[in-house]
Amino acid sequence: MVKQGAPHESDAWAAFEGEVLPHADRLFRLAMWFERNRADAEDVVQETMMQALRSFHRYQPGTNCRAWLTTILQRIVSNRRRAKGRSIVVDDPDDRIANTEPFVPPVPQDLTDELVLRSLQRLPTAFQEVILLCDVEDLSYKEAAEALAIPIGTVMSRLHRGRAQLRAELGATDAIPAGRRPNGEELASAHGKVEAS
Amino acid sequence: MNCRDVREVADSFLCEELLTETNHEILRHLETCPTCRTEIDARRRLRGALRTAFNRAPDLQPAGEFADRLRDQLRQAAVHRHRSWMFSSRWLALAAGVVLAAGITTAILLNRSSAPAEALARDAIGDHRNCALKYRLVRTPVPLEEAAQRFDSAFRLLLNAPPDDISTPDGPARVVERHSCEYGAHRFGHVILQYRGRVVSLLVTANDRTAADAESVAAIPRVIGRPLDGLSVVSVNGSRHAVMLVSDLEKNELTQLAGIVSLPLVERLADVASDRTKPTAWLLGPPIQKLAWDSDRRPDLALLFRVRLPQP
Chain A
1 MVKQGAPHES
11 DAWAAFEGEV
21 LPHADRLFRL
31 AMWFERNRAD
41 AEDVVQETMM
51 QALRSFHRYQ
61 PGTNCRAWLT
71 TILQRIVSNR
81 RRAKGRSIVV
91 DDPDDRIANT
101 EPFVPPVPQD
111 LTDELVLRSL
121 QRLPTAFQEV
131 ILLCDVEDLS
141 YKEAAEALAI
151 PIGTVMSRLH
161 RGRAQLRAEL
171 GATDAIPAGR
181 RPNGEELASA
191 HGKVEAS
Chain B
1 MNCRDVREVA
11 DSFLCEELLT
21 ETNHEILRHL
31 ETCPTCRTEI
41 DARRRLRGAL
51 RTAFNRAPDL
61 QPAGEFADRL
71 RDQLRQAAVH
81 RHRSWMFSSR
91 WLALAAGVVL
101 AAGITTAILL
111 NRSSAPAEAL
121 ARDAIGDHRN
131 CALKYRLVRT
141 PVPLEEAAQR
151 FDSAFRLLLN
161 APPDDISTPD
171 GPARVVERHS
181 CEYGAHRFGH
191 VILQYRGRVV
201 SLLVTANDRT
211 AADAESVAAI
221 PRVIGRPLDG
231 LSVVSVNGSR
241 HAVMLVSDLE
251 KNELTQLAGI
261 VSLPLVERLA
271 DVASDRTKPT
281 AWLLGPPIQK
291 LAWDSDRRPD
301 LALLFRVRLP
311 QP
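Heads up: the protein sequence lines correspond to chains A and B, in order.
If you read the first sequence in the working numbering, its first letter stands for residue 1, the second for the next number, and so on.
If you read the second sequence in the working numbering, its first letter stands for residue 1, the second for the next number, and so on.
It is worth saying that the hints were derived from the structure and are not from the lab.
The structure presented is a predicted model; accordingly, all values stated were derived computationally and were not measured.
Note that CB positions come from ideal geometry on N, CA and C, so glycine has one too.
Certain hints may be false.
What the hints assert, rightly or not - Once the Cα atoms are required to be at most 30 Å apart in a straight line, the calculated BS3-like pairs of lysine-lysine come out as: (1) A:84 / A:142; (2) B:134 / A:142; (3) B:134 / B:251; (4) A:142 / B:251; (5) A:84 / B:251.
Claimed, not checked - To give a feel for the contact side, a few chain B residues facing chain A, derived at Cβ under 8 Å: (6) 13; (7) 17; (8) 19; (9) 42; (10) 46; (11) 62; (12) 67; (13) 70; (14) 198; (15) 199; (16) 248.
Let the hints inform the model, and build the full structure from the sequences given.
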């Protein structure tokens with residue numbers, strides 16, 4: 001029986017372990033994508049988890065734990081960018097390409113992991129963030145807006161432009177002659193073909 | 001719903017952000033329109049491909065031992081936190097009585113200025129978020145020297161205070177930027193610090209407390225306003241300026257940092273203020289005490305005491 005008012009250590013840890021720790025791998029992938037360095041990514045995930053542990057009493061069971069953790073992680077990544085002097089907000093892609101939405105070619109039939117990730121990497125970071133949060137992490141517009149500290153309208157606009165630009169990049173990359181990039185067999189053997197969903 | 005309508009809401013359709021009725025309209029359209037069906041399928045296929053590629057990319061996977069190491073670190077931290085809580089709770093009852101008495105007294109003193117403090121905290125958080133974190137201020141920050149000439153000469157002090165590297169028991173704090181900026185109703189001297197992997201804003205602004213208020217509240221770090229999106233403000237009020245720290249650090253961590261960074265700065269700001277308000281007897285010649293003694297016998301010098309120079 002847990003004493004009223006005193007959090008029992010094992011209960012609190014069990015709740016944290018069951019609710020939060022399963023998201024560590026997801027968080028690491030996001031951190032690794034943005035930090036591009038394994039040691040930095042581990043630091044980011046560790047700091048995210050420590051903050052989550054300190055604030056776990058504020059987490060409401062039943063709400064989206066992944067969105068809550070992603071918000072913490074994004075804040076840490078943003079602070080680190082700021083500290084390293086590589087803020088992405090100054091050069092707002094919404095302003096830069098407001099009237100330059102690319103022609104949207106059809107999605108290539110032969111999608112490989114490497115092709116998709118390489119095309120994603122060519123997008124402005126602000127687009128990558130929204131696409132990863134909405135399309136990969138499956139956050140709602142509202143959750144993505146909170147995680148990135150931007151309005152919902154900006155999430156929608158960046159998602160629309162980001163997806164369009166991703167298709168343009170896929171088309172452009174797909175059009176590169178085979179000699180300039182790994183052929184289909186090499187890519188398939190390295191990462192496997194993406195199954196159509 | 002026609003093809004154009006479907007394309008316009010296709011993104012929200014894929015994210016399941018539409019109302020049920022709108023979803024049904026789209027599905028009805030897709031049943032009869034192969035072109036839109038192909039387009040939606042293509043978008044869905046790309047979304048799935050992206051998710052699959054990201055989740056299984058070998059370069060993005062954590063090392064095998066990382067999960068175990070992380071779990072052990074968190075477990076230790078959890079135990080430490082629990083023990084700290086248990087220890088502190090034993091003293092809580094004892095401390096409660098003392099704190100209650102002190103709190104009532106302080107609350108009475110502070111209550112008079114709680115509304116301005118709330119507004120100041122809101123502006124401080126807004127400045128931290130929009131200047132230090134996001135670079136989204138309406139007006140561009142200006143160098144401290146320029147701000148000292150145009151707005152408040154005390155900002156000049158921030159050119160080298162606090163020092164670039166500050167040592168604290170919990171690790172170093174490092175200054176990454178100094179300038180002056182404006183948010184809401186306040187002009188700030190703004191020093192941005194990097195501390196324990198977080199961004200911390202040190203904000204100095206003129207306070208509008210009366211002299212009586214200044215004497216009634218001791219210069220101690222205290223939390224002002226309500227936390228907003230995890231950001232808190234710890235302020236130290238001097239005689240003419242408030243020195244605030246804003247960050248997403250825990251309040252006790254921020255208060256501890258304020259004791260190291262803000263308190264010395266408040267003292268130096270007070271020195272600057274007192275230097276500025278001292279009667280400028282040195283302009284007129286001998287020290288004022290000497291003049292006072294002399295004035296008993298030199299009535300012609302007594303006039304000097306009645307000359308009060310305008311404050312700069």
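Do the hints match the structure? See the list:
{"no.": "1", "hint": "A:84 / A:142", "verdict": "28 Å, holds"}
{"no.": "2", "hint": "B:134 / A:142", "verdict": "19 Å, holds"}
{"no.": "3", "hint": "B:134 / B:251", "verdict": "22 Å, holds"}
{"no.": "4", "hint": "A:142 / B:251", "verdict": "28 Å, holds"}
{"no.": "5", "hint": "A:84 / B:251", "verdict": "25 Å, holds"}
{"no.": "6", "hint": "13", "verdict": "12 Å, violated"}
{"no.": "7", "hint": "17", "verdict": "6 Å, holds"}
{"no.": "8", "hint": "19", "verdict": "14 Å, violated"}
{"no.": "9", "hint": "42", "verdict": "4 Å, holds"}
{"no.": "10", "hint": "46", "verdict": "5 Å, holds"}
{"no.": "11", "hint": "62", "verdict": "4 Å, holds"}
{"no.": "12", "hint": "67", "verdict": "6 Å, holds"}
{"no.": "13", "hint": "70", "verdict": "6 Å, holds"}
{"no.": "14", "hint": "198", "verdict": "6 Å, holds"}
{"no.": "15", "hint": "199", "verdict": "5 Å, holds"}
{"no.": "16", "hint": "248", "verdict": "7 Å, holds"}
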